[in-house]
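Novice: Given the structure of chain A, go ahead and fit chain B onto it with the hints provided.
Single-letter residue listing:
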Amino acid sequence: MASAPSLAASISPSTPPNTVARAELSEIDASTKVPAIFFLGSSLLWLLAGTLFALISSFKLHNPAFLGDAEWLTFGRVRTAHLNAVVYGWSVNASFAVALWLMARLARSIVRHSNMLMLAGVLWNVGVTIGITGILAGDSTSIEWLEMPTYATPILFVAYALVGGWAVITFRFGRSQHIYVSQWYIFAALFWFPWLYSIAQIMIIFAPARGTVQALVNWWFAHNVLGLWFTPIGLAAVYYFLPKVLGKPIHSYYLSVLGFWSLAIFYNWAGVHHLVGGPVPAWVITAGIAASFMMVIPVVVTAINHHLTLVGSFSALKYSPTLRFIVFGAVNYTLASLLGSLMADRNISEVVHFTHAIVGHSHHGLYAFFTMVMFGSIYYIMPRILHREWPSATLISVHFWTTAVGAVIMVVVLSVVGTKQGLAMNNAAIPFLSMEESDVVRATLDGLRVRSYSGILITIGHLAFAINFVWMLLRPRADHNTAPTLFRNPEPDLEVSSR
Amino acid sequence: MNRAPLIFLGVFFALAFSWTGIVLTNQIAYGSLEPVFDESEGKAFPESIPGVAAQGKLVYQDLGCMYCHTQQVRRPGFGGDIDRNWGERQSVARDYIRERRVLLGTMRTGPDLRNVGARFAGEGGREWHIRHLYDPEITSPGSIMPKYKFLFETRKIVGEPSPRAVQRLLPADAQPPEGYEIVLTDRGHALIEYLLSLKDVYTYPEEASRVYVEPQPEAKNGDNAANTNSEAQQ
Chain A
1 MASAPSLAAS ISPSTPPNTV ARAELSEIDA STKVPAIFFL GSSLLWLLAG
51 TLFALISSFK LHNPAFLGDA EWLTFGRVRT AHLNAVVYGW SVNASFAVAL
101 WLMARLARSI VRHSNMLMLA GVLWNVGVTI GITGILAGDS TSIEWLEMPT
151 YATPILFVAY ALVGGWAVIT FRFGRSQHIY VSQWYIFAAL FWFPWLYSIA
201 QIMIIFAPAR GTVQALVNWW FAHNVLGLWF TPIGLAAVYY FLPKVLGKPI
251 HSYYLSVLGF WSLAIFYNWA GVHHLVGGPV PAWVITAGIA ASFMMVIPVV
301 VTAINHHLTL VGSFSALKYS PTLRFIVFGA VNYTLASLLG SLMADRNISE
351 VVHFTHAIVG HSHHGLYAFF TMVMFGSIYY IMPRILHREW PSATLISVHF
401 WTTAVGAVIM VVVLSVVGTK QGLAMNNAAI PFLSMEESDV VRATLDGLRV
451 RSYSGILITI GHLAFAINFV WMLLRPRADH NTAPTLFRNP EPDLEVSSR
Chain B
1001 MNRAPLIFLG VFFALAFSWT GIVLTNQIAY GSLEPVFDES EGKAFPESIP
1051 GVAAQGKLVY QDLGCMYCHT QQVRRPGFGG DIDRNWGERQ SVARDYIRER
1101 RVLLGTMRTG PDLRNVGARF AGEGGREWHI RHLYDPEITS PGSIMPKYKF
1151 LFETRKIVGE PSPRAVQRLL PADAQPPEGY EIVLTDRGHA LIEYLLSLKD
1201 VYTYPEEASR VYVEPQPEAK NGDNAANTNS EAQQ
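Chains as they are written, first to last, in this note's numbering: chain A, 1 to 499; chain B, 1001 to 1234.
You may find that some hints are simply not true.
Unchecked claim - Capping the alpha-carbon separation at 30 Å, the derived lysine-lysine pairs in BS3-like fashion look like this: (1) B:Lys1147 x B:Lys1199; (2) B:Lys1199 x B:Lys1043; (3) A:Lys33 x A:Lys248; (4) B:Lys1147 x A:Lys420; (5) B:Lys1199 x A:Lys420; (6) A:Lys318 x A:Lys244.
Rather than coming from a laboratory, the hints here were simulated on the basis of the structure.
Isolated chain A, as found in the complex:
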């Protein structure tokens, strides 16, 4: 595989050609090809399906007659199908692909037992398909983030166990002595998720705990899927790609360790802030709020580490698609997390709890941070495993600007509208619904329309991404060295590493 296209040499003549190391990396990349493409292809399909469900449910909120006669498309089901498609379909598949590629590279180990991964991938996607079909058909459990019916979840669990087992093997046979911080995050995420998932399934569905203990388990699980699965995977990608693309080391090793352990300790207590004011013991809520505030530590530490790595290299944002998505994601990780800590406060929660502001916040975290980081990672990984370049820089640009602008509009609008809704709802003098005077429902309608338009923008971006992705897969491999697809040609002295 020594014939790998020398991307670095073509854009940065000063990069010393370290042929051996590059050949090794190329071999590792090649070994990830089949499973990575499978997971990425599936994630893309789920992204499109999830986006469609999202648009339908968003329009239904301000125009309930839209597709109003079909039972399987009623709001409660489509909205749920949207969440499950983007969480378990898009996000988890993309996480698997990015995590396995990063693990193989960082452990300097070619992917062994890729059959195991492929089986896991097939099972996972079969499970998600059955689960979402079940939700649309009326078998939803109505437990947030765990809606998939009981005939789908065991399949998911088996698929997950296979991925976990594969990860342990890869970790075990790795040749790298050093464990980079990205590996810590991936390793921890892979371990935490099955624990969360199995406990939640057992204590809520298979052998339900009594009363509102279920609600505690539910939010311990649901928030930790974000905090202990998507966040670590997203951060692992940022920690890898940011220094990689910039060609310089991460700002501080010490800070990355501090960030990891403070996240591990504080995040997993934070989820119960979703039950502020609810019928559960007050001390648990207080502990959850305290943990939410303590999350400021890992967030600020990680932010300093990421943003100080970038300082001095802002010009690279003009060229690198990967960097642009990753930096957008990293900035929004900081913002979403700090706002999240704030929203856990009892007085603020009193207003924003039960409103669209929370919906806005979850899109801030899962879309503006995690999904954008995944997009950036995919832009980096695909050319390396396919030995082809992205066909169109214009489509990447369209993808970036529509999704970035769409996400910002959505988050801002939902936060504002949710706050209005909450303030109106807490004032009993304002009727909930009234044709004569201003009411709680009408306080939200204009904002919900704007949210739908931002959704259309995001959909355009996803279509541009899908076209580029499929075009790239179908495109023949070039028989000569190619240059990476960048937004514009960099100045010759710019360091952009390709390894």
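Specialist: For chain B alone, kept in the frame of chain A given last:
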């Protein structure tokens, strides 16, 4: 140096910490709450709901009602729940112990439903729900709730008209053609029975002194004395 075992231990104990604290401790602390038997009423609270209402709860779940309607009332002074008449009192943990699935909810696109059975009760309540489910704008103009017409069936009258026919409750433009009637399906019937069953009316003795009282506004000593006096005069 191989630090993998150390990292593993740290990762393990991090989650074990919250699992113990949030899940296990509370399961032990109140995971075996029992109903309270009231001598004067001669029955135990919370009451179990009738079988058809339990079926209705499954309909409530499969349609995803809980994504727009919560089932929890926050304490007086925290949010507008009590002021909006969503309940006479705050919801407490014991209210939920008979529920196999607890549907607290996290979103109020529509109002809280924990006590909707108290707001719309009896035959009037049943008729209100029929109209509201068929088309929410009949009872609540401007509502953004979806129509649930698929919980109704338009069918030919064979022999006697069905006692379950509901078109008399619907507006003129929804009337079926001559010789047809609109009936509520079994699922629709069950869902309405469930909604009618939703109410927490009983005040548990051990909670009475703790949670149902309006919080006293923080007052200076002088005001306090004045309050006491005025109460005494009443």
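Novice: Hints the structure violates: just list their numbers, smallest first.
Specialist: none
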